[in-house]
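Student: Whole structure, please, built from the sequences with the hints as guidance.
Single-letter residue listing:
There are 2 protein chains.
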Amino acid sequence: MIASHPLDPISPTEICIASDILRQQTYPTQLRTKVVDIFEPSKSEVLAWIEDCDTPVDRCARVYYHVAKLPHLWKAVTNVTRRVVESQEELPDAQGPVDYWEWELVHDACNTHPDVLAEIKKLKLPEGATVVNDPWSYGTDNANERRRLFQCYMYIVLNDDPEANHYSLTAPFSPVFDAHTLELCCIDFLPLDIRDETTETQPWNAARPVEYSERILGSDYFRQDLKPLQVAQPEGPSFSVKGRRISWQKWDFHLGWNLREGPVFNNITYDGRSLFYRVSMSEMTGPYGDPRTPYHRKQAFDLGDSGFGLTSNTLALGCDCLWHIHYFDGFRCDAQGIPVLMKNVHTNFRNNNSSVVQDRQLVLQFTATVANYEYILAIIFDQAANVHIEVKATGIVSTMPSKQGIQHEWGTIVAPGVMAANHQHLFNVRIDPALDGQRNSVVYEDCIPIGDSDRELEPFGIAFRVESTTVTQPGGYDLDITKSWVYKIINSNHINQISGKPVGYKLRSISSQMIMMGPSTFNYKRGIFAGRPTWVTKYKDDELYAAGEFTNQSHEDTGLAIWSERKENVENEDVVLWYTFGLTHVTRPEDFPVMPAEKMMVSLKPTSFFDFNPSNDVPRSNQKFNQSRLTDCTGCPRSDSRI
Amino acid sequence: MIASHPLDPISPTEICIASDILRQQTYPTQLRTKVVDIFEPSKSEVLAWIEDCDTPVDRCARVYYHVAKLPHLWKAVTNVTRRVVESQEELPDAQGPVDYWEWELVHDACNTHPDVLAEIKKLKLPEGATVVNDPWSYGTDNANERRRLFQCYMYIVLNDDPEANHYSLTAPFSPVFDAHTLELCCIDFLPLDIRDETTETQPWNAARPVEYSERILGSDYFRQDLKPLQVAQPEGPSFSVKGRRISWQKWDFHLGWNLREGPVFNNITYDGRSLFYRVSMSEMTGPYGDPRTPYHRKQAFDLGDSGFGLTSNTLALGCDCLWHIHYFDGFRCDAQGIPVLMKNVHTNFRNNNSSVVQDRQLVLQFTATVANYEYILAIIFDQAANVHIEVKATGIVSTMPSKQGIQHEWGTIVAPGVMAANHQHLFNVRIDPALDGQRNSVVYEDCIPIGDSDRELEPFGIAFRVESTTVTQPGGYDLDITKSWVYKIINSNHINQISGKPVGYKLRSISSQMIMMGPSTFNYKRGIFAGRPTWVTKYKDDELYAAGEFTNQSHEDTGLAIWSERKENVENEDVVLWYTFGLTHVTRPEDFPVMPAEKMMVSLKPTSFFDFNPSNDVPRSNQKFNQSRLTDCTGCPRSDSRI
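Chains H and D supply the protein sequences, listed in that same order. If you're matching positions, the first sequence starts at 1 in full-length UniProt numbering and goes up one per residue. If you're matching positions, the second sequence starts at 1 in full-length UniProt numbering and goes up one per residue.
All the given hints hold, so there is nothing to weed out.
20 Å max Cα-Cα, derived SDA-like pairs, lysine to any residue: (1) H:K34 - H:E86; (2) H:K525 - D:D452; (3) H:K538 - H:Y477; (4) D:K501 - H:I194; (5) D:K501 - H:G405; (6) H:K599 - D:I380; (7) D:K501 - H:Q407; (8) H:K599 - D:T482; (9) H:K227 - D:P619; (10) H:K540 - H:K567; (11) H:K483 - D:R532; (12) H:K227 - D:V241; (13) D:K599 - H:V602; (14) H:K599 - D:M600; (15) D:K483 - H:L583; (16) H:K599 - D:H388; (17) D:K483 - D:D446; (18) D:K483 - D:D454; (19) H:K124 - H:Y155; (20) D:K483 - H:D478; (21) H:K599 - D:S509; (22) D:K250 - H:L226; (23) H:K501 - D:Q404; (24) H:K599 - D:V602; (25) H:K538 - H:E568; (26) D:K483 - H:Y477; (27) H:K501 - H:E467; (28) D:K122 - D:T199; (29) H:K403 - D:I495; (30) H:K599 - D:I510; (31) H:K43 - H:K540; (32) D:K227 - H:W251; (33) H:K483 - D:Q513; (34) H:K250 - D:S219; (35) H:K483 - D:S509.
Example chain H residues on the side facing chain D (calculated, C-beta under 7 Å, incomplete): (36) R223; (37) V466; (38) P619.
FYI, nobody ran anything at the bench for these hints, they're computed from the structure. As the structure is a computational prediction, the values presented were derived from the model and not from experiment. For every residue, glycine included, the Cβ atom is placed at its ideal position computed from N, Cα and C.
Tutor: The following block contains the structure:
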């Protein structure tokens, strides 16, 4: 039996106990659970356990729930080990994340409501055609709104194939439902022209959907000239897994997982030296730049509104994953607090081989589908002690109906009558460092040309200086890319004996356009974290999510916007670095029906952490080991045969 | 017999003919060849040949040479087909690239010169130790200098192993030699302290080198826990090669190659549609930011001074390359114009499999070692019609001697007594587009928030507009990353029927710090291309190299700096897009003895070029096809076994 880790994900048994405690102690019959997930122990408890793993650490659960059919959200922390409720509060101003049960209720209410059916009838669809709907987070445009609302976007399906691309045929109206009462609040009519005006629903203008499914397109549609590619490690993989602790090539870490963030990397060490206490994706906001009502509200928070863990995909061997693979399952609860297995949802490993000799990588990959969009998150560990965080955005762009033959200012026509609005994806990754201990600092380094400023020091005008500034106050920080953007985490108490500099890891970032929505908009106020690339806070237990704990229909960012305002020292302290990056997506027909993956990668790289290249002891690879093949290329003349 | 292509690389026979013509017609005995390489036919000739491959196109060679022992460089174009000299000129102000023969002459002259030996003697090295030298491009700090100079950096080697890391033990003096007369011009004494002062050579302060060689370190030094990884395509690769024409998954292109640029991608088409006439790396400059003499001159132009083709590596099966591989050989000339085979130097193919389902890639990879540095260039074609250009910088950082126990403003101590100066690597890639024809335009797109500027158009303050500006004049162009940097090549004569926009490809770029050396410095004047990210010129035959044809000891950029000044229309014309990118390298102990690869990637992506995702017809992969394996992970409990 392998010792359990205090940061292990919640187990089915724990889900049952957590909801039972709450049900028995407070609401015998009326408990409606939304989320039962791990509530992580405090850092001090975990560190004590790492010192001595006989130290007992209680297991706790975070529970979001409703009482009876009352709309107010409640939150409790239940202690599963001691079987007590530790805390419990009513949150009248917060909306919890979407859960599958309510999503289905809203979906069904919409698809059966007489007013909606009447509207569908006006479309005069051909026989066999139906209308489906995607309930979306409503967004925010009214500070007084307290209902729990869903905006149902409607699409036309011409056949009963579940793989039909309904995003290709948009219906021009969008009902709004209250998820608690399941009442229809209104039907928004969607603007079809370049301005805001709408019309009554007209008969559908027949169009051919752009499909992607093999079953619909038929096998003749597809390329026949691709040959199989197989990867083998005849002696097995180089990594080992014990419980949720993974070891590979001097790396060692604990793989946590929860419904909101998906994979969480805890207690990352290299060659026995402490690097990071916790690394995870903390939020993603996707604001759309189309001001026509109701699109002006369109802004998803894919971790806070839904959850990367909750929406993670079941992966299948040989389809999604090559190489040696180890899967982990996950568990969510249903509305009665009963655990539901999420098979292989989680993370797969690959022992990738990049093109550089002597560079093997451990890849932990994870896929979440949030409505139309799909995110592939990979954390990659390499032999040079780098950690790479790679995000790929793919899936289907969110579509809107459009008049034919026009061009839009706010997006692109991607198929006849289908417009995809321009939008942004802004991710935040939370990095809780522990370089040679918990007391670290964040510094930024600018490369500044000396120029003519000091001709005595520098007569030639060719030199540049690396200017290092220590962040002493929490806050959101910019950096000028023309000065070579580098943030570094250092431990000023440990000096590298070779370079004389403090041990550190630098963040190799990408520069992104920050959120474009103006400071007076709800869209900005809800996601202030997306307005600056780099944030520094002093560590506090349970401060995990960049935009705050509750983002659904939120009015303001209750995360970094608040935590970074505290007047406290962050130099040589237990400090957290948050990094916002992303892309502005100007849509193209090539993004339809399925968008090719758009890739972003940021890296954490040692700088004066080691005395020399930590991969210096990686043996050279050779042909006996790797068995590559020269292509048998008949008809290939030598390159000098032409004369 | 496969028809030859007019852009095929020069063959050994052609090298012989080209130098023979010159020798026979002009200099029977006194010809000293430096470079004999392909001189590409004009674009109009190549396009005529593509139309009708019976159109004869003469084969020509570019020859750089000296006459007798005279220092002036000569350049000739010889017509190999007609066996005539087409043009010939003396270039008194230009220095040709380094060739192996002169490099060895300088190397040997330095290592045997009595003054140098006297200096070495002062080091009082232990028995068995020797001094080696690396002749470097001299750089420029004097507009009147016309000698051909090499700066020889000296290093200490304690044993006779050829893999000993001499960059770890630096000698404190650096002789300068004239490559024509082989005379010693002077011995520069290297500054050891933070300022410019130098001292006479002192006895060597014994230090242990930081080694990387398996033979020196012994096998016990290396990790034992890495298991082999093998990749197989049991039905063979999916690409085909005919002569130098490569086809894969609707892609088709001709793979050229020359001594200066290495691989060149000609006539790239996708599904029969023309995309690019020619894509290649055009220059790389590496200026160092250390103003202490003689380091203020240190600035390599790795294509112009040496050549990515000339310095390309011989690759070995199973060591450098996995997957199915096809190698191409290359040829250079020696000083007598005799062809020398460069085995497998060139480009290897891999059929890579990225982590996204349905995404296979064709990787053409190429490695060049320029003195201490190593560049790995990969051009990656994918199924979504994207072209990715990936550059990895690795190898050994250039080292300088230093006093012990101090810290430097201009670099980092990477090993005891060894300093590595901070520097930049600025690459330029030349993109000659032919989107649906030769007449294309370059536009740039900014994403601009509407904000409060137009409340009638946009009442909510959340929208952003894509502002497109057409480049009408040649020049160097910046872009503001905070507005989402996108340059696009479009063909305004072809409108996408879905989006209503002109067909195009966008450059997904990375933002880099441009060259930091001030405008009055030689370092900047020689590499003006490195001062702006994007350049646009009107196509002219033989305008290929960003910093001009001759960079060695150049005084000014004779490439983009001049071509972009011409007052001519570039809208809807035969236009060329040049893109400068790179990194500022602040050195770390982790970069020593061998630097882990630093990766940069830019991409060319279709935007309204296709009516929908061009990879929509890629069949789904499956387990039967790919045969992946689940890890046999003994001791792996289910994730709920902890309670």
